[in-house]
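S.K.: The lines below spell out each chain.
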Amino acid sequence: MRKFLSMLLALGVALALIKMIESIPAYGKVDLSKRVSEKYISKSVNAFKEEVVYKKSRDLEEGSANVVTSIVVNYRGFDTLGEVTVLFISAFGVGLVFSGLKRKGYGRKPNFILRTAVGVVFPLIILFGVYIFVHGHLTPGGGFPGGTILSIGILLLYLSSEEYELSERSKVLEGTSGSLFVIIGLLGIALSGAFLTNFLSTGTIGNLLSAGIVPIIYIVIGFKVGAELSTIVADLHKEG
Amino acid sequence: MVYYISIALIGVGIYGLISQKNLFKHLVSLSIIDTGVNIFLISIGYVEGKEAPIYSMFTLTANFVDPLPQALVLTAIVIGIGILALGAVLVVRVKEKYGTLNVEEMKDVRR
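Line by line, the protein sequences are chains R and Z. Numbering follows our numbering, with no gaps: position 109 of the first sequence is 109. Numbering follows our numbering, with no gaps: position 91 of the second sequence is 91.
Just so you know, the hints here were simulated from the structure itself, not pulled from any lab data. Even for Gly, the Cβ is constructed at its ideal location relative to N, Cα and C. You may find that some hints are simply not true.
[As the list claims (entries may be wrong)] A short, non-exhaustive set of chain Z residues, derived as facing chain R with CB atoms under 10 Å:
#1 24
#2 28
#3 106
[As the list claims (entries may be wrong)] Using 30 Å as the maximum straight-line C-alpha spacing, the simulated DSBU-like pairs for lysine-lysine come out as follows:
#4 Z:95 x R:109
#5 R:238 x Z:21
#6 Z:25 x R:3
#7 R:3 x Z:21
#8 R:55 x Z:50
#9 R:102 x Z:97
#10 R:49 x Z:50
#11 R:104 x Z:95
#12 Z:95 x R:238
#13 R:102 x Z:25
#14 Z:50 x R:19
#15 R:109 x R:3
#16 Z:107 x R:19
#17 R:34 x Z:50
#18 Z:97 x R:238
#19 Z:21 x R:56
#20 Z:25 x R:104
#21 Z:50 x R:238
#22 R:171 x Z:107
#23 R:29 x Z:50
#24 Z:95 x R:3
#25 R:39 x Z:50
#26 R:238 x Z:107
#27 Z:97 x R:3
#28 R:104 x Z:50
#29 Z:21 x R:171
#30 Z:50 x R:102
#31 R:104 x Z:97
When you get a sec, could you build the whole thing from the sequences and use the hints?
M.R.: Okay, here's the thing in structure tokens:
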């Protein structure tokens with residue numbers, strides 16, 4: 001009976017949603033010139049509209065080649081600060097539930113191949129994570145995926161050794177990078193009059209050193225997310 | 001078509017959330033709803049024949065799908081991970097305290 005009722009409710013919600021999507025444009029048939037995203041793509045929210053050309057356009061309103069990054073870090077940077085805060089609170093909650101407990105072992109010695117390979121693979125994983133978030137304004141990726149890759153490296157260390165425990169310094173790194181994000185935002189107030197304003201030169205679109213504060217903020221976010229997710233990985237290895 | 005896939009995922013998630021009694025399955029259902037909503041948001045921004053919204057040596061000028069839903073989904077994914085981690089930890093604690101994850105059996109256990 002319970003299964004039948006819940007099936008009925010799920011079907012009702014699905015039917016209501018199907019009725020609702022009739023009013024939005026069909027899949028793949030969107031007219032972008034009618035949407036606000038057009039302004040983000042042509043980088044003309046405040047400036048005049050001119051065609052953006054890769055490696056040619058200089059001193060644009062917002063200089064990152066990856067348009068998603070430009071929205072996440074620059075146009076909606078304040079929203080991202082809130083998002084990082086949510087992740088911090090969730091990591092804090094996980095730590096609170098498991099506070100003061102010892103690390104749990106897997107009950108058997110890790111495989112010889114795993115123990116040997118981790119010395120080779122771990123630096124490469126860290127390097128790849130750092131590459132992802134340093135190039136966040138040029139390629140797909142950025143601070144959030146890069147930080148996740150860093151925490152995967154920590155997870156590998158946990159799997160390969162029974163004794164390994166994450167150092168308390170990861171919490172220092174997390175706090176420092178979190179405050180750096182806010183400090184960069186406050187510098188925007190001091191230099192340009194608004195929180196998280198891009199106060200550096202945006203340079204030529206597509207260069208590694210371009211887009212002003214966007215790569216700096218994404219590097220800070222990368223370290224912060226990496227430290228937070230590593231703390232969650234470490235806390236999930238505890239037992240009472 | 002993609003719209004219907006995401007709606008089907010949302011329906012499956014809601015069904016699991018109501019019909020199941022196991023807390024872990026509730027967590028899985030929430031995760032499925034999350035995925036469905038994310039797929040729906042991304043598919044709203046798809047434009048036929050256009051490229052990923054990144055200026056590169058292959059797309060010198062703008063010929064892009066809608067980047068705004070992708071940016072919003074990036075936020076949603078991160079918050080989904082936070083909720084999943086916190087929920088999983090609480091489920092572990094409930095299992096330690098009551099010895100079961102079934103909400104109906106939990107009522108009979110002495111606190």
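S.K.: All hints are to be evaluated individually against the structure, with a verdict given for each.
M.R.: Verification of the hints:
| no. | hint | verdict |
| --- | --- | --- |
| 1 | 24 | violated, 15 Å |
| 2 | 28 | violated, 15 Å |
| 3 | 106 | violated, 17 Å |
| 4 | Z:95 x R:109 | holds, 27 Å |
| 5 | R:238 x Z:21 | holds, 27 Å |
| 6 | Z:25 x R:3 | holds, 14 Å |
| 7 | R:3 x Z:21 | holds, 11 Å |
| 8 | R:55 x Z:50 | holds, 20 Å |
| 9 | R:102 x Z:97 | holds, 18 Å |
| 10 | R:49 x Z:50 | holds, 21 Å |
| 11 | R:104 x Z:95 | holds, 17 Å |
| 12 | Z:95 x R:238 | holds, 15 Å |
| 13 | R:102 x Z:25 | holds, 28 Å |
| 14 | Z:50 x R:19 | holds, 28 Å |
| 15 | R:109 x R:3 | violated, 45 Å |
| 16 | Z:107 x R:19 | violated, 40 Å |
| 17 | R:34 x Z:50 | holds, 16 Å |
| 18 | Z:97 x R:238 | holds, 16 Å |
| 19 | Z:21 x R:56 | violated, 59 Å |
| 20 | Z:25 x R:104 | holds, 25 Å |
| 21 | Z:50 x R:238 | violated, 47 Å |
| 22 | R:171 x Z:107 | violated, 39 Å |
| 23 | R:29 x Z:50 | holds, 11 Å |
| 24 | Z:95 x R:3 | holds, 25 Å |
| 25 | R:39 x Z:50 | holds, 17 Å |
| 26 | R:238 x Z:107 | holds, 27 Å |
| 27 | Z:97 x R:3 | holds, 28 Å |
| 28 | R:104 x Z:50 | violated, 50 Å |
| 29 | Z:21 x R:171 | violated, 37 Å |
| 30 | Z:50 x R:102 | violated, 52 Å |
| 31 | R:104 x Z:97 | holds, 18 Å |
In summary, the numbered hints that this structure violates are 1, 2, 3, 15, 16, 19, 21, 22, 28, 29 and 30.
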